[in-house]
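> Read top to bottom, the protein sequences are chains A and B.
Here the first sequence stands for residues 650 to 829, numbered as in my numbering.
Here the second sequence stands for residues 2 to 336, numbered as in my numbering.
Incorrect hints may appear among the rest.
Claimed, not checked - Facing chain B, according to a computed beta carbon distance under 7 Å, are these residues of chain A, among others: (1) Ser668; (2) Leu672; (3) Pro725; (4) Glu735; (5) Arg804.
Calculated from the structure, these hints are not laboratory results.
Think of the CB as a built atom: it goes at the ideal place given N, C-alpha and C, for glycine as much as any other residue.
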Amino acid sequence: MGIALSDLAKGGVAAKTKSRTRLISLCVNGEWHEVAVKPRDMLVDVIRDAIGLTGTKASCESGICGACTVLVEDRPVLGCITLAVECEGKQVQTVEGLADGEKLSGIQEAFLDQGAVQCGFCTSGMLMSATALLRRNPKPSRQDINKALEGNLCRCTGYNSIVDAVLQASAQGGVKAVMK
Amino acid sequence: MILFDFDYERAATLEDAVAILARLQGEARALAGGTDLLPSMRMENIKPRLLVSLGAIEPNEPEMLADGSIRIDALSRLASLENSSLLRDKVPMLAESAHVVGSNQIRQMGTLGGNLCQETRCMQLDQKHDYQFVAPCFKRGGDCCYPFPRNKRDICWSVYMSDIAPALIALDAEVEILGEAGRRRIHVEELFTGNGLKPLKLGQAELLRAVFIPQRPRGYTWGFHKSTVRGGLEFGMAVIAVALQIAEDGMTCADARIVIGAVREAPVRLAAAERSLKGVVLDEKRLAQVAAEASREANPLPHHGFTKRHLMDNIRVYLRRTMAQAIGRARSPER
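For reference, chain A alone in the conformation it holds in the complex (with noise of 0.2 Å):
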């Protein structure tokens, strides 16, 4: 143990550095917020605590399972490994931004038809990749469907319901909604 605690110690590049906190604007969900942030501070913190968006979720942290995902400037992208300061002066959209006040959005519908949503963990950035997907293509194929999916980790493994509702919401027919 004496060895891992003077490693620490030796470690400890950082304590000496001292960064500076800085005031940076976000456009989330068409409204402009003005946030304090350090450097070190990830995107999807800053949307949970700051702005106090918590439909996005923070769940690998490590840029592996796709929870956290975010539409930067239209492109999906992983809040737990995009810093704050990174997206000074950007267009952001979370989840929440995706239903028209109490109208949900298509694909939103579409996961409540296909009962896509388990536990919901995954289901925002899900359904942010989804609508990144058909924004750029909208009539994907079920294979198109998996390649845009396949960052975004869903441990109730109910990945078919998943596609089957993307495919429902970019209206290509062959799907029935199982939930109505």
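Let chain A serve as the given structure and place chain B on it in line with the hints.
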């Protein structure tokens, strides 16, 4: 969450970034996509005092130069490579290799230069060390190696896992490096030291600026394969890139470049296998024989739970299939 403090500066140009990196002498890191750097910082493998963001620098689109070579900005996002019609048309192997990296989100964030400059990986290294290890390993500046306890201090058998580097080496691509002294150009295969402790021959204040892919020769054909367990969102267990040049008769191999990635500290170019392909008629028996020899030549390191035997078998089978795929592509009418 990153548990230590660091500072952040945004560079307006690559030259600015180089100047800042030079000023901090190894205590600063360049941040492009961040998909490799930030997880490494989270695990405290890398502890810079300052991050120099390249996020404000807009990459140029891939372009065809007058001599038929293609210039690709190192800051190009991987997603823009896989979707670029120029690359899909002229160097489909590169587009394919960008297509199999990580996940869609990773490809939207990660850059070509960042993919080439990624750290080597090892299951023991890539996790928070206080989780189960007491002392740091060699690569973290400690004095032991968990997976290979008999290794000496200067040997780290972590594995370089870029999917794109093997494709670039097979294409004989060059990188332009920007440093304080100006620009220099080297072949991609010269970028690697072959030492897991410091995998890249890049100085503290050097950045990749662009990648140049020379014009493909007549009769050129390609094959690319990434062996994975799940088929998505993971690093390869072996990455195979093959570029063949078929002679006029459509049967004989005029030239070959075979590169295996993700099995050693640097991508491995199989010189003996390339020699044994040159000037011979490519039939199935020949390919099987070359692939068997090549799997021994590649000499893979056991990594991420795969045994050496397993990796050799994987390379043997998939190298044969990839070469057959390349030949089939040359003979099919659309290419």
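> Compare the structure with each hint and give your call.
Each hint tested on the structure:
no.	hint	verdict
1	Ser668	holds (5 Å)
2	Leu672	violated (13 Å)
3	Pro725	holds (5 Å)
4	Glu735	holds (5 Å)
5	Arg804	violated (14 Å)
Of the numbered hints stated above, those contradicted by the structure are hints 2, 5, listed in ascending order.
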